[in-house]
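Trainee: Listed below, chain by chain, are the residues.
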Amino acid sequence: MPDKMPTVEIVESNWTAEERAEFSRRRRGRNYLLLAALGGFCLIIYAIALVKLHENGQMW
Amino acid sequence: MNTPAIKLRGLGPSAQRAADYIDRRASGATAPTGFQGAAPLGLGATATDWLTLLKPRVLTLVVFTGAIGLILAPVHMNPVITLAAILCITVAAGAAGAINMWYDRDIDAIMRRTATRPIPAGRISAPGALAFGVILAILSVLVMAIATNYTAATLLAISIGFYVFIYTMWLKRSTPQNIVIGGAAGAFPPVIGWAAATGSVSALPILLFAIIFFWTPPHFWALSLYASGDYERAGVPMLPVVKGQRHTRVAIMVYTLIMVPVTLAPFVLGLTGRFYGVSALLLGSLFTAYSWRVLHDAQDATGASLTKNAPAKACFKYSILYLFLLFGACAVDRLV
Chain A
189 MPDKMPTVEI VESNWTAEER AEFSRRRRGR NYLLLAALGG FCLIIYAIAL
239 VKLHENGQMW
Chain B
23 MNTPAIKLRG LGPSAQRAAD YIDRRASGAT APTGFQGAAP LGLGATATDW
73 LTLLKPRVLT LVVFTGAIGL ILAPVHMNPV ITLAAILCIT VAAGAAGAIN
123 MWYDRDIDAI MRRTATRPIP AGRISAPGAL AFGVILAILS VLVMAIATNY
173 TAATLLAISI GFYVFIYTMW LKRSTPQNIV IGGAAGAFPP VIGWAAATGS
223 VSALPILLFA IIFFWTPPHF WALSLYASGD YERAGVPMLP VVKGQRHTRV
273 AIMVYTLIMV PVTLAPFVLG LTGRFYGVSA LLLGSLFTAY SWRVLHDAQD
323 ATGASLTKNA PAKACFKYSI LYLFLLFGAC AVDRLV
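Protein sequences appear in the order of chains A and B. To convert, take the position in the first sequence, counting from 1, and add 188; that gives the numbering used here. To convert, take the position in the second sequence, counting from 1, and add 22; that gives the numbering used here.
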C-alpha cells in the first residue's frame, strides 16, 4: 500500500474557470449517481436476504 | 473549445493508457477501433447522460407491463420481492437499451432524432457505454435469480439476448420485418413478471405477450411513416423506406386488425372478466379508427402524406395510451 493516496488531476489545461467549474459539477453529479446506485444495490440485496431468511424460518 | 491533455499521477500504466485514449478522442484523432464519428468527449458526461443510456421513455412501458404481469399472477408475493423483480426487469431493459445505443452509435449519429444521444454527441465513450450495459444486464439477471426464481431469471436473460443479438445486431439492419420479429423482445416483461411470482408460465401471460407482439408493428410503423427520412439516411430498412409509405399504411391496418381479436382472447377464453372485455373492444375499435385514418390520409402518387402525417402522429400517440389503458383494464379487472 502506498503511504499516500494517488492524485488524479488535469494538467496542461487551457480550460476557462467556467469550464473547470462545469467539469467539476458534472463529475460531482456522476459520483452522487454512483453512490445512489451502489447504496440502492446494497439495500435491495440486504432486504432480499432478510425476506429469504424470514421465509425459511431462519430468523425470529 | 480547446481540450486538455490528461496526466494521471500515482496511477498505473493502464489508467494512463485510458487517459491517453480519452485524450486522442478529445483531440479529434480517430479511435483505434469501432466508430470514428463521435464528437470530442469534452467536459464529460452528466449523471443524466448515463441515465439517458437506459432509454427512460421506453422503460415506463416496460415497468408498467412487467408490474401488470406480477399483479395478474394468482400468487401473493412479498412486497420487497415484488419491488426487486420490477427493478430487475427495469434495469435489464435499460441495460439492453444501453447496449443497443452502443451498437447503433454509427446510425444514431446520422439520424436527427438520435444525434444528440450521449454516445454520438461524444459525452460518453462507446466502451464505457458497453461496459455499463453489460454490467447492469448481468447484475439484473443475478438479482432476479436470487430474489425470485430461475425461470424468471432465464426469461430475463433471454429477453436481453433477444433484443441485443436478434433485434439490434441482426434484424434491425437486415430486413423491413425487423420490428415484427424484434417486437418479441418488448413483449417479455409481463411474462417475466408472471414467472417471477409463480415460477412458471401459463396462458394469460402468453396472451399478454401476443398482445404486445402484435401491437409493436403498427406502433413503430406509425412512427416510421414520419421519421422515414431519418431511417433512409441511416440505411435502416424500415418498411416505409423499403416498401414505400402506401404499403406501410396497409400493413398498419392489417396488424391492427390482427391485434384487436388477440386482445379479446383473454376475455373469450374466460381468463379475464367483462370489464376487460368491454375495454378491449372499445379501445381496439378506437385503434382501428386511428389506423383507418392513417390508411386514408391524403397522399400523393407515392403514398407520401399531404397532411404532414398528422394521422400517423395521432396513431403513434394513441398506440402508447392504448397499451397503458388495455393493461390497466386487465389489472383493474383482476383487482376489483
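Fair warning: there could be bad hints in the mix.
Claimed, not checked - Rough simulated footprint, nothing fancy, chain B against chain A, three-plus residues with beta-carbon under 8 angstroms:
| # | stretch |
| --- | --- |
| 1 | 204 to 215 |
| 2 | 218 to 231 |
Said to hold, decoys possible - With the Cβ distance kept under 7 angstroms, some of the chain A side facing chain B (calculated, not the full set):
| # | residue |
| --- | --- |
| 3 | Ala235 |
| 4 | Ile236 |
| 5 | Val239 |
To be verified - The following residues of chain B were derived to be distant from chain A, with all beta-carbon distances above 12 angstroms:
| # | residue |
| --- | --- |
| 6 | Gly66 |
| 7 | Ala69 |
| 8 | Trp72 |
| 9 | Lys77 |
| 10 | Arg134 |
| 11 | Arg135 |
| 12 | Val165 |
| 13 | Pro198 |
| 14 | Tyr248 |
| 15 | Val263 |
| 16 | Val272 |
| 17 | Gly295 |
| 18 | Ala326 |
| 19 | Val358 |
Hints are computed from structural coordinates only; laboratory data are not their basis. Glycine included, every Cβ here is placed at the ideal spot set by N, Cα and C.
Trainee: If a hint holds in the structure, say so; if it does not, say that too.
Mentor: Hint check results:
| no. | hint | result |
| --- | --- | --- |
| 1 | 204 to 215 | holds (count 5) |
| 2 | 218 to 231 | holds (count 4) |
| 3 | Ala235 | 5 angstroms, holds |
| 4 | Ile236 | 5 angstroms, holds |
| 5 | Val239 | 5 angstroms, holds |
| 6 | Gly66 | 5 angstroms, violated |
| 7 | Ala69 | 4 angstroms, violated |
| 8 | Trp72 | 6 angstroms, violated |
| 9 | Lys77 | 17 angstroms, holds |
| 10 | Arg134 | 25 angstroms, holds |
| 11 | Arg135 | 25 angstroms, holds |
| 12 | Val165 | 7 angstroms, violated |
| 13 | Pro198 | 38 angstroms, holds |
| 14 | Tyr248 | 34 angstroms, holds |
| 15 | Val263 | 37 angstroms, holds |
| 16 | Val272 | 46 angstroms, holds |
| 17 | Gly295 | 32 angstroms, holds |
| 18 | Ala326 | 43 angstroms, holds |
| 19 | Val358 | 28 angstroms, holds |
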